[in-house]
Structures are given as structure tokens and as C-alpha cells.
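Got chain A; can you put chain B on it based on the hints?
Which chain is which? The protein sequence lines are A and B, in order. Under the numbering used here, think of the first position of the first sequence as 35, with each following residue one higher. Under the numbering used here, think of the first position of the second sequence as 3, with each following residue one higher.
Please note that a few of the clues may not be correct.
[Said to hold, decoys possible] With a straight-line cut-off of 20 angstroms between C-alpha atoms, the simulated SDA-like cross-links for lysine to any residue are:
no., chain 1, residue 1, chain 2, residue 2
1, B, 39, A, 101
2, B, 26, A, 105
3, B, 39, A, 51
4, B, 58, A, 165
5, A, 351, B, 11
6, B, 58, A, 352
7, B, 42, A, 151
8, B, 39, A, 156
9, B, 39, A, 86
10, B, 42, A, 348
11, B, 58, A, 156
12, A, 351, B, 12
13, B, 26, A, 117
14, A, 351, B, 54
15, B, 58, A, 158
16, B, 26, A, 86
17, B, 58, A, 148
18, A, 165, B, 19
19, A, 89, B, 23
20, B, 32, A, 117
21, A, 165, B, 54
22, A, 351, B, 39
23, B, 36, A, 118
24, A, 351, B, 59
25, A, 51, A, 244
26, B, 36, A, 228
27, B, 42, A, 89
28, B, 58, A, 244
29, B, 58, A, 150
30, B, 42, A, 147
31, B, 39, A, 148
32, B, 26, A, 147
33, A, 165, B, 17
34, B, 26, A, 120
35, A, 351, B, 42
36, B, 42, A, 150
37, B, 58, A, 152
[Unchecked claim] What follows is a set of in silico ranges between Cβ atoms, one per label pair, in the way DEER data are often shown:
no., chain 1, residue 1, chain 2, residue 2, range
38, B, 12, A, 504, 25 to 33 angstroms
39, B, 7, A, 121, 23 to 31 angstroms
40, A, 568, B, 12, 33 to 41 angstroms
If you are wondering where the hints come from, they were derived from the structure by calculation, not from laboratory data. All of these numbers come straight from a predicted model, not from anything done at the bench. All C-beta atoms in this analysis are idealised placements derived from N, C-alpha and C, irrespective of residue type, glycine included.
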Amino acid sequence: MITITGKSVFGGVSIGKLSFYKRNQKVIKRTHVDDVKAECTRFQGAKASAIEQLKGLYDKALEDVGEANAMIFEIHQMMLEDLDYIESIENIICAQEVNAEFAVATTADNFAQMFSSMDDAYMQGRAADVKDVSERVLNILCGVDEGMNQTDEPCIIASDDLAPSETVQLDKSKVLGFATMYGSSNSHTAILARTMNIPAVIGLGEELRPQLDGQMAVIDGFTGKLYIDPDEATLAEMQEKRAKDLAQKALLEELKGKENVTKSGQKINIYANIGNVSDVGAVLKNDAGGIGLFRSEFLYLENDTFPTEEQQFAVYKQVAENMAGKKVIIRTLDIGADKQVDYFGLDKEENPALGYRAIRICLTRTEIFKTQLRALYRAAVFGNISIMFPMIISVKEIQRIKEIIGEVQDELKAQGIPFKENVETGVMIETPASVMISRDLAREVDFFSVGTNDLTQYTLAIDRQNSKLDEFYDPHHPAVLSMIRMAAENAHAEGKWIGICGELGADLELTEEFLKMGLDELSVSPSMILPLRKRIRECE
Amino acid sequence: MKEFKYAITDPEGIHARPAGLLVKQAAGYKSDIKIVKGEKSADAKRIFGVMGLGAKTGEEIIITAEGEDEETAIAELEAFFKENL
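Excised from the complex, chain A in its bound form (with noise of 0.2 angstroms):
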């Protein structure tokens, strides 16, 4: 078994022959013409044939991939219209006396150059389509006829590099995956595999050798790694996990866009659980209906030293921005307990569960807390922003978040900062004791969320670090239950929402039981989203 590592485009598992693109092979010979006048109507013709291939293969790839992705071929037939590449073309032809060939080749290697030498990666990519664009019109040129003969059986293709047109122009059908030694993510060619839904790997470098050609292969485009001739325990684990990606994304199939309702019509939100901005993708391709629980700490756990109000903001932000209007719930700093960071210079404690952490740091520390809240205040404004505090066992650390929160706009209206006034605020609902006052509670805020592993861990009184009380602990416990249902009811006694973000949300068994209770929102990690419509619409 041989294996290469390369860089994913498009996560998911194809098991199959390689078959390598094969190419006409055609040498580019210098040679002087007489009539330069022919030579150039002769690149004329060529250059008109060409654009009706790109027109046709513009039709072929709106079908199959839309129009943002078909949009590559327009832009082909722009650059074979553009009045430079002309030009140059003609002028190469009648002051060098040469045929139409060497001055399109020529003419073809100096603009992939500039665009070579330009210091962006997008516009570095940018070369191949030159290539592409040039390379249609020698071969019609040439006489010579561009393509694969592609076999009946489905394989994987592999390639030094596909241009855009030789991947459109390839019948899907038969197209397992890619695999090939060049080529970056930013390439059309990455772009129509992740549009077209095949599993592609780039990157590969010269190990990918077309001696290997109908060999047995398996691309995992989830860690971008192309096994040949993979032995019998990679295969078995290959073919499992291709079976698991299937039928998530048959599930996706069968319930994207579909509403979270159950057979009598009851609705629930189904948000999702992030602990970091890359995980956004996750959640949209999942179809989440908003993000009910992000988690703020890998900002204060990846870092160094404080995270800056312009980093937070950033990130905040661009998270905002990315949901598009879909509600994104931020929880504030929740470090301590059995999440450290050395730069807080927080003392150890006997009890940390018990301890200094979350909003206890923020309401004693509140230069860390304000920063925070000022970057929170300022991004709300690119979208729909609510923010959370955990750890609430009181009314009066409400009273006292609310002053804070009044000074950090008064600092910002002074310094004519743009913020959004009115954000949501909601607390979690990880201790007894706000269980206990969720009545005065819901007075304050606008929602609840319950974080059930706290909560559990708090009601029953185990540490859930210690392995040896696993006997004693039970997610289902009825006194956790108890505790959602009452901090359930005296949220909608106040007219607030309530959701869950903890593990017991995306727990299957107690979907049935949480509708019951009325509860407004299920926030659970991305690939639980649609599991867990599923069995929301199979409820009564």
C-alpha cells in the first residue's frame, strides 16, 4: 500500500481504479509564414471556434455545477476577446513573420506569467485559465481533438492538474474523484469538484505517477490522503466511513430546508453547538437555524496573552456575518474550572468546579469582562447578535452585568464608536441555585439556556472528570429533568424563550420529552442537526 498525502477540496470517500487524463501531446514548432494576413485570419477562425466551444461548455456547466461556477467559461471567451491577448498575438504573427501557433503559445506563456508573478494566490491560479484558454485554441489549430476517452467502468481521475474545461467536459457519471499532483484549493477545478459533490485531493506531488495508472485506490477527502492499493484493514475502515459520509449527506438530502416540527405541528429551533469560527461551515452546511452556543474561550485559550477588542471583534464578527441574519448566541468567558490559562495567573484551587470561574472572573476582573463586551456591542451590529453569561446564580449579578454593560456604551457613545444598543442577553441555567430564582431570573433577561453537563454536575453532586462515578451518574436523572421543566415554566411564565446547550439537547431518547415541556431551542453540534429534525418529525 502506498500513501500521499495531499490537500483536501472536498471531504468525502471515493473507492476505485485510477485512470489517468491523458492528453494529445502536441509540439508547438516555430515556423515562418509568408502571408502574415492569412496567418492572422487563420487565429481568427480558430479564435471564433473556440468561443463557441466556451459557449456550448458554458451551457454544459450551468446545467451542472450553476451559474456562479459556469460564469469561468464567459470569462474564457472574455480573455480570448481581449483586446491585449489580440494583439499581442497578431503583432507576433506579422512583425516576427511566424506562424499562429508559436505566437498563441507564446503569447499564452507571458500572461500566465504576469499573473504567476502577481502576490496573491487567487491570481497566481489565475494562470491556468490562460493556459486553458490558449491550449483550446491550438488544438483547434493543431486539428487535434482534446479529451479522455473515458472508460465505461467509474474511476478515480488522476491528473498532473485538470484545467476548468477538462473537468466540465468529463461525464460524471464515471467520475469517482480526483487526485492530482498540482493545483491549489483556490482552482476552478476545486471549486467545480466541491460544486459537483466529488471527493477531490490536490496537491499530491510526483509520488502520484501515471505508471500507477488502474491501480486500486481510495481518496479520504477528509484528511486528504490518497491510499493505492490500499490493504485489506485500510479498505474495510475506507468502505465504512464512506458509508457513514453517504448517509449523513442522504439525510442531508432528505431534510434539508425542512421545518423542525412534529406530526401535530409543534415547532422547535434546532441551533448548533461552536467552539471556533471554522466551524461555521459546519453548521451551515448542516442547515442550522442559528448558532445557539458560542463558545468565546478558544479566543482567551489560543492566545498568548489577552485577546484585543479589535481580535474579538474580528471574530465576532465575522461569525455574524457569515450567519447572514440567522441569530448567533455568544456566551462570554467561561475559563476557570477545567479550562486554564496560564496568562489569567488564577491560583489553584481545591475545588475548581466550585470556584473562581466565568462570570465570577469577569464581574471581579472587569477590564477583561469590558473588553469583551465592547467587541461583542460593536460586531452586533453586522448581524443577529445575543449574548449569554454562564455561571449565574443571582439577581444581583444580572443588576451588576447591566451596569457594566451601561458604562461600555456610554465609553463607546463618547468615543463615537458604532454599536448596536439593544442586543438580547440571556443567562445559562447551569446551576440549582438559578434554577431555584429562574422566576426573578426570567424578570431580567430575555432568554434562558440550559447547560445540562453543569447542571447535572451540580444537582447530583458529581465530579464529572472522575471516571470512577460513572455508575453513579445518569444523564436522565429525574432530578435534572425536574430542574429544566421549572426553569422551563417560569421562563415562559415571563413570556422568555428557554433552550438547551448541552449534551442532553442532542440526546435522541429525550427529544420527545423536551417538546413536552415546551422548550423553544435545541442547541446541538453540527452533525447532530439533522439527526435530530429527524427524529423531531417522527415525534407525535
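For chain B alone, kept in the frame of chain A given last:
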């Protein structure tokens, strides 16, 4: 001659798609349309020139129009940039 200044907001800068749309739009005017970025200048009707500017997000460019329909061209192009770039 008419002109306006514009700072690119598209995170990818003038990439292939808006460049294509711009060339299409510019081709519809009789006036000469130019894009100036620093010392570089490009004919807005030619895709290689437009992409070759490599205008990135945050960079300021000047769009000029000279010819009989320069007023309409500038007004419409300004709207075009706001919408697409």
C-alpha cells in the same frame, strides 16, 4: 472627463467573477473607461488588464470615463462597484 474613487470591500478583491461582470458592463459604454490603482492603469474593457491590477480589499482605485456617455457611465459604474465589489 468624469471620475470617482472607490475602496474595494470585496474580501477577495477584483477576482475573476466581478472582473468579468465589470468588463461586460464597461463594454456597454462608448466612453473610454479606465481603472487606476497607484501607478498602474487598465482599460476596463479588457479582462487581462482589469485582473492584472490585482486590486485587493481595502485598496483605493479611481475609475475614469471620457467620452460622450461619461456621465451615465460614471453613475452606473459607481452603483456597479458598490453592488459587486
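Verification of the hints:
1. 39(B) with 101(A): violated (30 angstroms)
2. 26(B) with 105(A): holds (12 angstroms)
3. 39(B) with 51(A): Violated, at roughly 50 angstroms.
4. 58(B) with 165(A): violated (24 angstroms)
5. 351(A) with 11(B): holds (15 angstroms)
6. 58(B) with 352(A): The given pair, whose Cα atoms are some 18 angstroms apart, holds under the 20 angstroms limit.
7. 42(B) with 151(A): holds (15 angstroms)
8. 39(B) with 156(A): Satisfied, since the Cα-Cα distance of roughly 19 angstroms is no more than 20 angstroms.
9. 39(B) with 86(A): violated (34 angstroms)
10. 42(B) with 348(A): violated (31 angstroms)
11. 58(B) with 156(A): holds (11 angstroms)
12. 351(A) with 12(B): Given that 20 angstroms is the threshold and the Cα spacing comes to 15 angstroms, the pair holds.
13. 26(B) with 117(A): Holds, at about 14 angstroms.
14. 351(A) with 54(B): violated (31 angstroms)
15. 58(B) with 158(A): Roughly 14 angstroms between the alpha carbons, so the hint for residue 58(B) and residue 158(A) holds.
16. 26(B) with 86(A): Holds. Residue 26(B) to residue 86(A) sits at ~18 angstroms (cutoff 20 angstroms).
17. 58(B) with 148(A): Satisfied, since the Cα-Cα distance of roughly 17 angstroms is no more than 20 angstroms.
18. 165(A) with 19(B): Roughly 18 angstroms between the alpha carbons, so the hint for residue 165(A) and residue 19(B) holds.
19. 89(A) with 23(B): holds (16 angstroms)
20. 32(B) with 117(A): At roughly 16 angstroms apart (the allowed maximum being 20 angstroms), residue 117(A) and residue 32(B) satisfy the hint.
21. 165(A) with 54(B): holds (15 angstroms)
22. 351(A) with 39(B): Violated - the C-alpha atoms of residue 39(B) and residue 351(A) are around 29 angstroms apart, more than 20 angstroms.
23. 36(B) with 118(A): Cα-Cα ~14 angstroms, so holds.
24. 351(A) with 59(B): holds (17 angstroms)
25. 51(A) with 244(A): Holds, at about 13 angstroms.
26. 36(B) with 228(A): violated (35 angstroms)
27. 42(B) with 89(A): violated (32 angstroms)
28. 58(B) with 244(A): violated (39 angstroms)
29. 58(B) with 150(A): holds (16 angstroms)
30. 42(B) with 147(A): Since the Cα atoms of residue 42(B) and residue 147(A) sit roughly 18 angstroms apart, the hinted pair holds (cutoff 20 angstroms).
31. 39(B) with 148(A): holds (17 angstroms)
32. 26(B) with 147(A): violated (25 angstroms)
33. 165(A) with 17(B): Holds, because 17 angstroms separates the two Cα atoms, which is no more than 20 angstroms.
34. 26(B) with 120(A): holds (18 angstroms)
35. 351(A) with 42(B): Distance ~33 angstroms between residue 351(A) and residue 42(B) Cα, so the pair is violated.
36. 42(B) with 150(A): holds (18 angstroms)
37. 58(B) with 152(A): holds (12 angstroms)
38. 12(B) with 504(A): 25 to 33 angstroms: Because 53 angstroms falls outside the window, the suggested range is violated.
39. 7(B) with 121(A): 23 to 31 angstroms: Check passed, 30 angstroms falls within 23 to 31 angstroms.
40. 568(A) with 12(B): 33 to 41 angstroms: holds (38 angstroms)
Of the hints listed earlier, those the structure fails to meet are numbers 1, 3, 4, 9, 10, 14, 22, 26, 27, 28, 32, 35, 38, in rising order.
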